[in-house]
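J.: One letter stands for each residue in the lines below.
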Amino acid sequence: MLEDLFKMVTTRFNGDEKNETKEFRCPRCQNSCGADELQKNMWVCPECGYHARMNARDRIAITCDKGTFKEYDKDMQTANPIDFPGYEEKIGAMQEKTGLTEAVVTGECTIHGEPCIIGVMDSHFMMASMGSVVGEKITRAFERAAEKKLPLILFTASGGARMQEGLVSLMQMAKTSGAAARLSEAGVLYITVLTDPTTGGVTASFASLGDIIIAEPKVLVGFAGRRVIEGTIKQRLPEDFQSAEFLLENGFVDFICERKSMRRTIAHLIRLHRPPVKSSAETSPTEKSSDTSSSESTSKTPKERPASKENDDNTGSSGNASNAGNANSVGKSDSAGKSDRSDKPGKSEGIFGAHKNKPGKGAGKNG
Amino acid sequence: MAENMSGAANVSQEREITPFERLMIVRNKNRPTIRDYIPLIFTDFFELHGDRFYGDDGAILGGIGRLEGTPVTIIAEVKGRDIYENKASNFAMPHPEGYRKALRLAHQAEKFHRPVICFIDTPGAFCGVEAEKRGQGEAIARSLAEFMTLKTPVISLVLGEGGSGGALALGVCDELAMLENASYSVISPRGFASILWKDPSREEEACGIMRITSHDALSLGICEEIIPEPEGGAHNDPETTAENIAEFLVKTLNKKMAKDIDVLLNERYNKFRKIGEFME
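Residue numbers (our numbering), protein chains in the order written: chain A, 28 to 394; chain B, 18 to 297.
Hints in this document: simulated from the structure, not taken from any laboratory.
Fair warning: there could be bad hints in the mix.
[Claimed, not checked] Dumping the calculated DSSO-like pairs for lysine-lysine here, alpha-carbon to alpha-carbon at most 30 Å:
1. A:K101 with B:K291
2. A:K175 with A:K97
3. B:K168 with A:K176
4. B:K291 with A:K175
5. B:K291 with A:K117
6. B:K104 with B:K150
7. A:K261 with B:K215
8. B:K291 with A:K176
9. A:K305 with A:K176
10. A:K124 with A:K49
11. A:K175 with A:K93
12. B:K128 with B:K272
The task is simple: from the sequences and hints, build the whole structure.
T.: Encoded structure:
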């Protein structure tokens, strides 16, 4: 079923693989821009808002508070469980090319002052396929989160199970999902952020098990490879098939969030899941956030709805189009809860309220 | 694939049969399916349908029956014996509603303290537009997570092909057995050859290196027992094969049902937790 998946994801998205050093050609809108410009725009296509792939190092840099990331299991390396010919060499070459030991980096950090455990998969390393090391590091992240009662945030990206480890890699799906189930039983928050591309065995295991599932705009998320399906139905599939927006429409992600607002969104969600503090006034002191170390942070509390600030962050044509889904979903809840919004502004509205300010395009897009 | 098969003492060491030949035995048109085995292994079988959300998937059969008098829940992937059966069962390739039906019945079993017996026999979960729309990935993921914490014994058995996540969705269990010629793999050998060598016709070669046989799964610590098949394959003597399966199930169920549920759940978690090879 994973047939062609690797081929598909590498050819279809070749743009950002090759041009990291010179020029970025967007695989969605085919427009080009300089690598510097792309980086300044947080690796988001300035034309269409496609959220391009990032390496784990950059992702950690834009997500964690500066200097807070402490890596777990840094030196864990894969063995060759089924004695697959040439596997060690392949791994060695990937390590040299990417500077990573494996396809996932896990560790502990704070985000806007909120302590959490974080895992970032890096598609530049063998398409972030899941073998023994990815499975073990992710499982340990779940177990540590349960033990330390810290929220777990996983940024997923993967071509699926790693062929070169055969059945052993398939079993990592059961292992990680079992660990996710245990974390859930422990009552600890688990957030997944689906990034480009999340497919195959990772979609069919821990990526789909978050308490809250967020996706970045226009990323590819699916189970089976596009070509496999096209082969089965003997038809071309529409462009947006298996996109984040497609998943939102079909009910498999909670919302789509832009990269620019990701840090803040995650921090807010973590705060919303803090156990209530007893005997405090209705304006809960738990919201007194320590955003100090963040570069982009502007002091704010969720109660004063930071609509205008969010807007600043979200300027650029990308925001409007790619947030269509989110704007739409907010729009619905918005109109439903309009009456009580004025007297008690909910925290959740504070986060997403920004998009209300530009409902025109969003609503039009989805309608 | 001359592997050291320590622990497989009860299986005759038929070196001549290659993994590819075993795959051909498994794909034999006359190989018994779950519908052949049920009347030979269970009594009082009632089939139960539907996932209560979307529909009833013919690729997964579920129901309640008795194994030597003990009520058990049976969940199985269904290969067809002819084109009509195969049409109804989508060639044993489940849609999300199939996995959701399986999970519904598993939770029902948990409620009534019935053990669950899963029979795996699929080339893989179905790949199609509707399957994606209804969340194939989510359905499998949910299965994996919830079987892991299901508070009743779960035994799985690979009857024929155990293809990828579609097989694993019924494979999170306390003990896994495989029929001798059955295979269990991360992807079909054809898909494997297609991805790694861009040449699906090198299927036989892929079988040679993928380690997909029951003996491989045993030596990798993924399956606990190999159930012998009559010479030439199960189709040559379905009754004897069914007896062998029943014998394994009774023995294993007695063992698992005697355990405290917390112990059982810990052992189940650790059975998968320990799989993987790495260096630190």
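J.: Hints broken by the structure, by number, lowest first?
T.: Of the numbered hints given earlier, the structure breaks none, since each of them holds.
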